[in-house]
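This is what each chain is made of:
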Amino acid sequence: MKVIYKRELGSYFQSMTGYSFIAFFTAITGIYFMAYNLNAGYPYFSYALSGVMFLLTIAIPILTMKCFAEERKSRSDQLLLTAPVSLFEIVSGKYLAMVTVFAVPNLIFCLFPLIIKSGGNAYLKVDYLSILTFFLMGCVYIAVGMFLSSLTESQIIAAVTTFGALLILFLWDSLIQFLPSSAMGSLISILVLLSLFVYMIHTMMKNWVVTGVLEAAVLIGNIGTYVWKASVYEGLLEKLLGKLSLYSVFTDIASNHLFDISGIVVYLSFIAVFVFLTMQSIQKRRWS
Amino acid sequence: MIEVKNLVKRYGTQVAVDHLNFTLEKGKIYGFLGPNGAGKSTTMNIMTGYLGATEGEVVINGHDILKEPEAAKKCIGYLPELPPLYTDMKVEEYLHFAAELKKIAKKDREGQIGRVMELTKLGDVRHRLIRNLSKGYRQRVGLAQAILGFPEIIILDEPTVGLDPKQIIEIRELIRELAKDHTVILSSHILAEISAVCDYILIISHGKLVASDTPEHLEMQMKGSERLLIYARGIQSVVEGILSQVPHIADVSYTVLEDGTTKAEILEEEGADIREELFYAFAENRCPLLEMTKTKATLENVFLELTQSEEQEAPVSEQTEESVESEEEADESDL
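Residue numbers (my numbering), protein chains in the order written: chain A, 1 to 288; chain B, 1 to 335.
Calculated from the structure, these hints are not laboratory results. By construction, the Cβ of each residue, glycine as well, lies at the ideal position given by its N, Cα and C atoms. Treat each hint with caution, since some may be false.
Simulated pairs of lysine to aspartate or glutamate, EDC-like, Cα-Cα distance not exceeding 16 Å [said to hold, decoys possible]: (1) B:Lys121 <-> B:Asp164; (2) B:Lys121 <-> B:Glu177; (3) A:Lys6 <-> B:Asp88; (4) A:Lys2 <-> B:Glu100; (5) A:Lys66 <-> B:Asp88; (6) B:Lys180 <-> B:Glu25; (7) B:Lys74 <-> B:Glu100; (8) A:Lys125 <-> A:Asp252; (9) A:Lys73 <-> B:Glu81; (10) A:Lys125 <-> A:Asp260; (11) A:Lys6 <-> B:Glu93; (12) A:Lys73 <-> B:Asp88; (13) B:Lys90 <-> A:Glu8; (14) B:Lys5 <-> B:Asp64; (15) A:Lys6 <-> B:Glu100; (16) B:Lys103 <-> A:Glu89.
Pulled from the structure, derived: some chain B residues nowhere near chain A, Cβ distances all over 10 Å [said to hold, decoys possible]: (17) Gly27; (18) Gly62; (19) Lys67; (20) Gly111; (21) Gln167; (22) Ile190; (23) Leu228; (24) Arg233; (25) Ser237; (26) Asp251; (27) Glu265; (28) Ile274; (29) Glu277; (30) Ala283; (31) Cys287; (32) Leu290.
The following block holds chain A by itself, in its conformation from the complex (with noise of 0.2 Å):
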């Protein structure tokens, strides 16, 4: 793992990539924190990464686009995955290296609060605790790219695609108050998104007894939970989905100053996930 992770992060520095990722995210926050903090004198640093908050999904698929792309492309995975290192070292190699990279600008940004104590009140701790959270919502952000990177060979589909799926994860709240909220819609969407799930478990494992039960499981607790109690569906789809926001829990620590643990959790966990599918895309392509 240390030596893929020294590899990724030296070929970081020995092109542009990591430098102008590093010195763009300072300077646009160095923007803000002049313009919100400084100038107009609002003593949360916070305040001015909110406003950042959405330079992330652009910035984000550059560093993540060349990850397995480029790879792939230069067939230099032959040589990771022929040598005796597990894939797990070889992912987390190069998803930590990432997150190195984005780790500096995150460090320089922990001088900003100090800067603004200098001049009078600051509030440190919710400060720094919402560094904490931009930092590891980045990293969700960096597991996602590195997901879409391992999918393909283009670097260019790798970042176009990684935009988008940021940008959604960005605008999550914003989309699910579009969601249905009627308890029939709810069920109705429900029983679409579980009915999808099976059909994927369907491709993967072709066997027809298994999800012949799985869908019957699925149609049959649901419309059976329906009949009994309808108003359990009320909103429950925006509620569920709700619960995987990624922005929320920045915006709790930001504007509410409320730190909310349950969405660290939430964050770690779609990192695990995305690492997960990452050697799972790769197992794929070796075996199809």
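Let chain A serve as the given structure and place chain B on it in line with the hints.
Frame of chain A, contents of chain B only:
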């Protein structure tokens, strides 16, 4: 030692490798020979654990490549078709990375890298970016990476592609040198390449193993197709008449050429050599014999015969005794 059992690889409906079976012994040079798209690279990719097989198994020194991948991969050095290089690294830096990746002990790394660079003659370019190297040098960096750590088994997929003739000879020397205490497997679609260095040839066509034997045995098999070819000035009936006087002829086929000469392809009886008698027979009849050649079965013939007759299912040869020491006929003139 490598055992490949019943290996199958399908891409959708296309079968790239079709029930491949073979066992490779230690300390020999094996050649995978086959036309483009025969499944050589796929087989090598499966053997090294880069690809998964649809069916069958690969056992490297007793370690199954799927069940104990790390132990199995430790015994292998692999140079794929395209050398797996990081073009943003310098040669020495890259080899350091590869050495660490292969888990070579820290104290041995420097020595090993120096040794490998010496063997592949990379000393001059050690501080250059791989991106700026020519194809031949890149190939050598790939080769250096493969032999780094001196694993027991070295697998080279078309190792001499893109090299100039002098480098090809150097690489062959290197392969022979390595074969003294390693098993080397190399693939090529060029026959001269394989017959120059390999102790044992595996001919693959359409994903199947169509023949596996030493170069000498493969040639021997084709003995039956040896023909005596003559060109005589005279019409066919004259030539026929003369040939009917010569004993030990099993079969003749004639072609009359435009310039009035007759070409006859003669199949001799087993063990007979009729060249002298032929000469005197034609001389007595005052019919000028323009040319007489014995067509020797070459590996070329074997190769074409085996790879072109696609319908012919049955494997042509059985494995012969392992103890056959093949004198290597390094035929540089084949180049």
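Hints, verified against the model:
{"no.": "1", "hint": "B:Lys121 <-> B:Asp164", "verdict": "holds (14 Å)"}
{"no.": "2", "hint": "B:Lys121 <-> B:Glu177", "verdict": "holds (14 Å)"}
{"no.": "3", "hint": "A:Lys6 <-> B:Asp88", "verdict": "holds (14 Å)"}
{"no.": "4", "hint": "A:Lys2 <-> B:Glu100", "verdict": "holds (9 Å)"}
{"no.": "5", "hint": "A:Lys66 <-> B:Asp88", "verdict": "holds (13 Å)"}
{"no.": "6", "hint": "B:Lys180 <-> B:Glu25", "verdict": "holds (13 Å)"}
{"no.": "7", "hint": "B:Lys74 <-> B:Glu100", "verdict": "holds (12 Å)"}
{"no.": "8", "hint": "A:Lys125 <-> A:Asp252", "verdict": "holds (14 Å)"}
{"no.": "9", "hint": "A:Lys73 <-> B:Glu81", "verdict": "holds (14 Å)"}
{"no.": "10", "hint": "A:Lys125 <-> A:Asp260", "verdict": "holds (14 Å)"}
{"no.": "11", "hint": "A:Lys6 <-> B:Glu93", "verdict": "holds (12 Å)"}
{"no.": "12", "hint": "A:Lys73 <-> B:Asp88", "verdict": "holds (14 Å)"}
{"no.": "13", "hint": "B:Lys90 <-> A:Glu8", "verdict": "holds (14 Å)"}
{"no.": "14", "hint": "B:Lys5 <-> B:Asp64", "verdict": "holds (11 Å)"}
{"no.": "15", "hint": "A:Lys6 <-> B:Glu100", "verdict": "holds (11 Å)"}
{"no.": "16", "hint": "B:Lys103 <-> A:Glu89", "verdict": "holds (13 Å)"}
{"no.": "17", "hint": "Gly27", "verdict": "holds (22 Å)"}
{"no.": "18", "hint": "Gly62", "verdict": "holds (15 Å)"}
{"no.": "19", "hint": "Lys67", "verdict": "holds (13 Å)"}
{"no.": "20", "hint": "Gly111", "verdict": "holds (19 Å)"}
{"no.": "21", "hint": "Gln167", "verdict": "holds (22 Å)"}
{"no.": "22", "hint": "Ile190", "verdict": "holds (22 Å)"}
{"no.": "23", "hint": "Leu228", "verdict": "holds (50 Å)"}
{"no.": "24", "hint": "Arg233", "verdict": "holds (60 Å)"}
{"no.": "25", "hint": "Ser237", "verdict": "holds (64 Å)"}
{"no.": "26", "hint": "Asp251", "verdict": "holds (52 Å)"}
{"no.": "27", "hint": "Glu265", "verdict": "holds (48 Å)"}
{"no.": "28", "hint": "Ile274", "verdict": "holds (56 Å)"}
{"no.": "29", "hint": "Glu277", "verdict": "holds (60 Å)"}
{"no.": "30", "hint": "Ala283", "verdict": "holds (64 Å)"}
{"no.": "31", "hint": "Cys287", "verdict": "holds (63 Å)"}
{"no.": "32", "hint": "Leu290", "verdict": "holds (55 Å)"}
Violated hints for the displayed structure: none, as all numbered hints are satisfied.
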